[in-house]
Amino acid sequence: NAGVTQTPKFQVLKTGQSMTLQCAQDMNHNSMYWYRQDPGMGLRLIYYSASEGTTDKGEVPNGYNVSRLNKREFSLRLESAAPSQTSVYFCASSDTDRGNTIYFGEGSWLTVV
Amino acid sequence: QKEVEQNSGPLSVPEGAIASLNCTYSDRGSQSFFWYRQYSGKSPELIMFIYSNGDKEDGRFTAQLNKASQYVSLLIRDSQPSDSATYLCAVFSTDSWGKLQFGAGTQVVVTP
Numbered sequence: 001n002a003g004v005t006q007t008p009k010f011q012v013l014k015t016g017q018s019m020t021l022q023c024a025q026d027m028n029h030n031s032m033y034w035y036r037q038d039p040g041m042g043l044r045l046i047y048y049s050a051s052e053g054t055t056d057k058g059e060v061p062n063g064y065n066v067s068r069l070n071k072r073e074f075s076l077r078l079e080s081a082a083p084s085q086t087s088v089y090f091c092a093s094s095d096t097d098r099g100n101t102i103y104f105g106e107g108s109w110l111t112v113v
Numbered sequence: 001q002k003e004v005e006q007n008s009g010p011l012s013v014p015e016g017a018i019a020s021l022n023c024t025y026s027d028r029g030s031q032s033f034f035w036y037r038q039y040s041g042k043s044p045e046l047i048m049f050i051y052s053n054g055d056k057e058d059g060r061f062t063a064q065l066n067k068a069s070q071y072v073s074l075l076i077r078d079s080q081p082s083d084s085a086t087y088l089c090a091v092f093s094t095d096s097w098g099k100l101q102f103g104a105g106t107q108v109v110v111t112p
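In order, the protein sequence lines correspond to chains V and D.
Sequence positions in the first sequence follow the numbering used here and run 1 to 113.
Sequence positions in the second sequence follow the numbering used here and run 1 to 112.
Same shape as in the complex, but just chain V:
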């Protein structure tokens, strides 16, 4: 049982490059999330998807786009990476978006130089 799987685990980008973080869950959850975590800032929501076919902005959506490809997969795209996007990114999922337990992937460490 893999839970929430995200790739890549580590990535170094140059300013202006683009990349996509992939996420998949095998728990048949409806809701999926992308968070970023920075020192002293805690987890901040970038985008979330309450169900297949829907996406909504979170607290810090600027510079990111998402795609809910199907119920299992939720990808995060950086179109033109900036050093301010250096962070640890966590994908997560939950049964609903009504305060049910959120399960996290292992994280993706992204450095933009």
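Hints in this document: simulated from the structure, not taken from any laboratory.
These numbers were taken from a predicted model, which means no experiment stands behind them.
All C-beta atoms, glycine included, are put in the ideal place defined by N, C-alpha and C.
Every clue listed holds true.
What follows is a list of derived Cβ distance ranges for each label pair:
(1) D:Y51 with V:T5: 28 to 38 Å
(2) D:R77 with V:G40: 20 to 30 Å
(3) D:S52 with V:K14: 43 to 53 Å
(4) V:G40 with D:Q70: 21 to 31 Å
(5) V:T20 with D:G54: 37 to 47 Å
Based on the hints, put chain D in the right spot on chain V.
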């Protein structure tokens, strides 16, 4: 103003003692409250959740909720070095369109 506040720590606790972590939140309509543990370089993992006022115990962990005072706490009894981690408080708030709001976390260091 952050919606979920925690002391950043570090909170130094002798082995075998009780660690007490506090979390305050701003939305009185908050319904669900969660404590996550995060080891350095790892993802957060759920310790426990609480929905109703009062105490909820799970092994060495006790969550306490006081909605009138808008705080939730976590007690760790018989603290072990393996409890050294950052503890994240999360609150489900109706003001946040049905999403969890996380505090910045409290770092706990258990010293032998």
